[in-house]
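Asks: Assemble the whole structure, with the sequences as input and the hints as a guide.
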Amino acid sequence: QAILGCTDPQAVNYNTDAAEDDGTCQYSIIGDWTVTSYTLSDGTNVLATVDYIGYTLNSDNSYFQYIGVSGDDIVLTGTYTIGGSNNTTGSNNSTFSFYDVSGELISVSTIASISSTTLELTFNVPDSTLTANIRLVRL
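Just so we're aligned, residue 1 is where the sequence shown starts under our numbering, counting upward by one.
Just so you know, these hints were derived from the structure itself, not from any lab. Fair warning: there could be bad hints in the mix.
Label pairs and their computed distance ranges (CB to CB) [claimed, not checked]:
#1 T122 to D21: 18 to 24 Å
#2 T118 to E20: 20 to 26 Å
#3 S41 to G84: 37 to 43 Å
#4 F64 to T39: 31 to 37 Å
#5 Y52 to V101: 19 to 25 Å
#6 N124 to D21: 27 to 33 Å
#7 G68 to A2: 44 to 50 Å
#8 L105 to Y52: 20 to 26 Å
#9 N93 to S128: 21 to 27 Å
#10 L76 to T36: 29 to 35 Å
#11 A2 to T49: 47 to 53 Å
#12 E20 to L76: 21 to 27 Å
#13 Q1 to V69: 54 to 60 Å
Note that CB positions come from ideal geometry on N, CA and C, so glycine has one too.
Replies: Quick look at the structure:
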């Protein structure tokens, strides 16, 4: 019988003995990411309203969010968790939560898809009935 496991050599839990991928691959999210797609369920393209959105995700679970608006840079900081703890790796269907500097929860996303170079998140837009889909690419 084939050995099941993560067959992606870019994953942090790559199993060299695995012959069949079982969907358990986990990837580091530490680094710099840029948002390449940000669409709401009503069709709104959020990126059309800003110059750019980017993130730096650090190994101590802190983050910087950079938003370019009309030539100005807005920088937000806080912390993040994956799966409800201070993990720095994620897999498909993990929760990904952002908190502001005071520790207040800002948003909870689900990792719809993750690889060593891309991260796709879905979440309910706060104070709305809309959902959002975001695609980020590692810089």
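Asks: Hints first: check each against the structure and report whether it holds.
Replies: Each hint, compared with the structure:
no.: 1; hint: T122 to D21: 18 to 24 Å; verdict: 22 Å, holds
no.: 2; hint: T118 to E20: 20 to 26 Å; verdict: 23 Å, holds
no.: 3; hint: S41 to G84: 37 to 43 Å; verdict: 25 Å, violated
no.: 4; hint: F64 to T39: 31 to 37 Å; verdict: 23 Å, violated
no.: 5; hint: Y52 to V101: 19 to 25 Å; verdict: 22 Å, holds
no.: 6; hint: N124 to D21: 27 to 33 Å; verdict: 30 Å, holds
no.: 7; hint: G68 to A2: 44 to 50 Å; verdict: 48 Å, holds
no.: 8; hint: L105 to Y52: 20 to 26 Å; verdict: 25 Å, holds
no.: 9; hint: N93 to S128: 21 to 27 Å; verdict: 23 Å, holds
no.: 10; hint: L76 to T36: 29 to 35 Å; verdict: 19 Å, violated
no.: 11; hint: A2 to T49: 47 to 53 Å; verdict: 48 Å, holds
no.: 12; hint: E20 to L76: 21 to 27 Å; verdict: 42 Å, violated
no.: 13; hint: Q1 to V69: 54 to 60 Å; verdict: 55 Å, holds
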